[in-house]
Amino acid sequence: MRPAGRAELDSLYFDYPEYEWERPCELDGKTPLHPVVIAGAGPVGLTAAVALARRGIASVLLEKKNTLNDGSRAICVSRYSYETLQQLGLHEPFVAKGLGWTHGQCYYRGETVHRFEMPHSEQERFLPMYNIQQQYIEQFLMDKASEYPDLIDLRWQSEVTGLQSSDQGVELNVRCPGGEYSLRAQYLLAADGGKSPTRKMLDLRLNGENLPGNYVIADIRMEHDFPTERRSFFESAANPNATILVHKEPDNIWRIDWQILDSEDPDAAIEEGTIRQRVQAILAMIGHDGPWELEWWSMYTANTLCLDDYRHGRVLFIGDAAHIVPIFGVRGLNNGFADAVNVAWKLAYVLDGGADEKLLDSYTQERRGATLDVFLNAGKSSRFMTPPSRGYALMRKAVLELSLSEEFTRPFADPRQVLPYTYKESPLTIEHAQEQAFAGGCPAGSAAINRRLSTGDFLLDHLGSGFTGLYFTTQDAVPDAVLDLFSELGASDTHFKPVVVSRNELPQGGYEFLLDAQNSIFSGYAAQDDTFYLLRPDRHIAARWCTTESRQVTRALRIALGEIK
Amino acid sequence: MKARTLDFQGMEIVYELLANTIDEVGKDKEALFLSKLCLMLAHEIPDISKIEAAVAVARQIEQGTM
Numbered sequence: 005m006r007p008a009g010r011a012e013l014d015s016l017y018f019d020y021p022e023y024e025w026e027r028p029c030e031l032d033g034k035t036p037l038h039p040v041v042i043a044g045a046g047p048v049g050l051t052a053a054v055a056l057a058r059r060g061i062a063s064v065l066l067e068k069k070n071t072l073n074d075g076s077r078a079i080c081v082s083r084y085s086y087e088t089l090q091q092l093g094l095h096e097p098f099v100a101k102g103l104g105w106t107h108g109q110c111y112y113r114g115e116t117v118h119r120f121e122m123p124h125s126e127q128e129r130f131l132p133m134y135n136i137q138q139q140y141i142e143q144f145l146m147d148k149a150s151e152y153p154d155l156i157d158l159r160w161q162s163e164v165t166g167l168q169s170s171d172q173g174v175e176l177n178v179r180c181p182g183g184e185y186s187l188r189a190q191y192l193l194a195a196d197g198g199k200s201p202t203r204k205m206l207d208l209r210l211n212g213e214n215l216p217g218n219y220v221i222a223d224i225r226m227e228h229d230f231p232t233e234r235r236s237f238f239e240s241a242a243n244p245n246a247t248i249l250v251h252k253e254p255d256n257i258w259r260i261d262w263q264i265l266d267s268e269d270p271d272a273a274i275e276e277g278t279i280r281q282r283v284q285a286i287l288a289m290i291g292h293d294g295p296w297e298l299e300w301w302s303m304y305t306a307n308t309l310c311l312d313d314y315r316h317g318r319v320l321f322i323g324d325a326a327h328i329v330p331i332f333g334v335r336g337l338n339n340g341f342a343d344a345v346n347v348a349w350k351l352a353y354v355l356d357g358g359a360d361e362k363l364l365d366s367y368t369q370e371r372r373g374a375t376l377d378v379f380l381n382a383g384k385s386s387r388f389m390t391p392p393s394r395g396y397a398l399m400r401k402a403v404l405e406l407s408l409s410e411e412f413t414r415p416f417a418d419p420r421q422v423l424p425y426t427y428k429e430s431p432l433t434i435e436h437a438q439e440q441a442f443a444g445g446c447p448a449g450s451a452a453i454n455r456r457l458s459t460g461d462f463l464l465d466h467l468g469s470g471f472t473g474l475y476f477t478t479q480d481a482v483p484d485a486v487l488d489l490f491s492e493l494g495a496s497d498t499h500f501k502p503v504v505v506s507r508n509e510l511p512q513g514g515y516e517f518l519l520d521a522q523n524s525i526f527s528g529y530a531a532q533d534d535t536f537y538l539l540r541p542d543r544h545i546a547a548r549w550c551t552t553e554s555r556q557v558t559r560a561l562r563i564a565l566g567e568i569k
Numbered sequence: 379m380k381a382r383t384l385d386f387q388g389m390e391i392v393y394e395l396l397a398n399t400i401d402e403v404g405k406d407k408e409a410l411f412l413s414k415l416c417l418m419l420a421h422e423i424p425d426i427s428k429i430e431a432a433v434a435v436a437r438q439i440e441q442g443t444m
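In order, the protein sequences belong to chains A and B.
Residue numbers for the first sequence follow the numbering used here, beginning at 5 and rising by one.
Residue numbers for the second sequence follow the numbering used here, beginning at 379 and rising by one.
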C-alpha cells in the first residue's frame, strides 16, 4: 500500500519500467511447441528463464502485469543466492547495489541481549547477507533476460486462463490485449506466486499450518546513521507487546516490521494514520528525530505451507507457488532462487537429450526437503518472534530476562538465518564407502564452499555450466587415467568442465588449472593427492573420493543425471 | 549404580528456599520465576532424557490431581 495521494507504483526512489506487449505468433495462427513456458515473471520465474537460457534452452515467460512487482517485498539475499547469481553471470549489479551485512543485534527492554554473527571469512567472495529491494532484484534479472532476445520470449499483459496437462506436454489458454490464444509447451514452470492460479487450475492445495501472528512491513526513507545489520526489539518502549525488526536497505530506505497484536483490529492496524504513529514511536525508540517519509507498507502472516508434490507431470512448481514460508530467517526468495536453478539444470539436460525425464523426479525430493527444513527452523523462529500461547510467551520472557546476564539463553534470540540445504537424502547424491574417509571438507549433497585463490579470484568463479570435476594433485602432471576419466565424463555430459587443483604449476592440457598457492582449496575440501569432487551444475557435491576411482566417478555422474540408482 | 541425587537434608533446604523465594517474588511473577529457575537448572543437567522424564512425572502428577 502507498500513502494517500500516491499511486501503487509511485515510489520515492524507484522508477517502475513499463514493458510493451508484443503480438505473439500464436495470434497469427502459428502453433509452435515451446520447450518451456514459465507462468510469472517475478524473481523466481526470471531466474529460471535466465538459467535455462544460459544452457541454450528457450522459454516463454507469461506475466499478467506490464511492470515489476510493487513494493520492496523480499529484501535479504543470502551469500548462497549471490553465488547462484554469479553463476548466472549477474552478480555485479547485485554487489554494487546490495548492502552487505554480517551480524545483528537483539534488544530486550532497550538493552542488547544477543549479538549474532553469521559465518564469514576471507575465503568468501560474498558477505553472508545482502539487503536489496525486490524491485532491483527483478530489474537486474530483467536486464539479464534481455541479453537473451532469441531465447527468452517475455510476454507482458498475458494472463493464463486455462491449462491442460498431459504426459506429452501442456496447453495453455492465454488472454492478452490482442485476444486469446492457445500456447503449447513441453513443460510448464509455475512461478506464479503464493496465490498461484496454476495451482488452482490443477486443483492442488498447499498443506501445512497457518501460524498465529500478523506483521506489518513498512518501508520509509530517512537519513539515519546506523550500519547495515538486523536489529530486533522485544518489549521495547515503542510498543512493549510487539516484536519489532529494523533493516537498512539501499537508497536510504529502511524496512520496519512490527507485530500486530491480537487485541488490535487488523484493518485499523494497516490504516495510514496507525502506520505513521507506529513508525514515529519506533523511530523515537531507535533515536531518530529527523524527518522521514513513508514509502510503502504491507501486511503478512506467517505460514508453513507447501505442495505435497512440486511436480505434476509436465508442470513443475517453483518459488511461492510451491511453498509459503514465514519471513523469519529470510527463506522465501532465497529458496525460490534455489528452486529455479534446481529445476532449470535438470530440465536443460532432459530437453537437450543429456538425461532422461526421470531426472525430474528428484526435483520434489530435493526442493521439498529444503522447504521442510525451512519449516523446522522458521517455525522455531516464528514461535519466538510471536509466541503462539501462554506457555511460549512465558518461556520467551524467561529466556529474554535471563539473557541480560546469562550467556546460555542468548542463542534463543538468534534469527536462524537461512543456510544452504544439503541434498543428503537425494537419489542423485552418492554416499559411498570413501565418503567416510574424509576428515572434513564438503560432504556429498552439500553446497561447494568458496575458497580464495588470489585477490579477486575465487574457486567458485571457475565452475562450468554443467557438471564440474575437481581433481586435486600433488604430482608434476595429471595422471593419464584421470585425463581419460575427464574425456569419459565429457562424453556423458557435453557441458562437463574438468578442473585440476595443484599446489605447483602444472603443464596445460585439456583442463582448467587452478594454482592453490595458499593451500586454501586443499584444506577447505580436506583433499589429498588424487582426491576427486564431482560438482553438480548447481554447485552441490554429487559425490567425492579421497583417491579417484574412475569407474565410480563415471557411475556417480550417471546417477546424478538420474539414469541409474 | 543409581545416579547421585541430592540428599534429604539438601532437599529440605531447597524446600524452604523455594517457599520463601516464591513468597518474595509474589504471585504475579511466580510462573516467570519458576520458568527461569527451570531453565537454569536444566542448563546444569547435560542430559535431556533426565529433564524429559522429570517433566513427564510432574505432568502426570498434575493431571492426576486436576
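Note that these hints are calculated values from the structure, not bench results.
Mixed in with the good hints there might be a few duds.
The list that follows gives simulated cross-link-like pairs (lysine to aspartate or glutamate, EDC-like), each with its CA atoms no further than 16 Å apart [claimed, not checked]:
(1) B:Lys414 to A:Glu411
(2) B:Lys407 to A:Glu405
(3) B:Lys414 to A:Glu213
(4) A:Lys401 to A:Glu239
(5) A:Lys69 to A:Glu151
(6) A:Lys401 to A:Asp418
(7) A:Lys204 to A:Asp313
(8) B:Lys414 to A:Glu163
(9) A:Lys401 to B:Asp406
(10) A:Lys401 to B:Glu408
Here the structure is a predicted model, which is why all the values come from computation and not from measurement.
So, going through the hints one by one against the coordinates:
1. B:Lys414 to A:Glu411: It holds: about 13 Å lies between the C-alpha atoms, which stays within 16 Å.
2. B:Lys407 to A:Glu405: holds, 12 Å
3. B:Lys414 to A:Glu213: The hint is violated at about 30 Å.
4. A:Lys401 to A:Glu239: Holds, because 9 Å separates the two Cα atoms, which is no more than 16 Å.
5. A:Lys69 to A:Glu151: Outside the cut-off at roughly 21 Å; violated.
6. A:Lys401 to A:Asp418: Given that 16 Å is the threshold and the Cα spacing comes to 15 Å, the pair holds.
7. A:Lys204 to A:Asp313: Holds, at about 14 Å.
8. B:Lys414 to A:Glu163: Violated, at roughly 56 Å.
9. A:Lys401 to B:Asp406: Cα-Cα ~13 Å, so holds.
10. A:Lys401 to B:Glu408: holds, 13 Å
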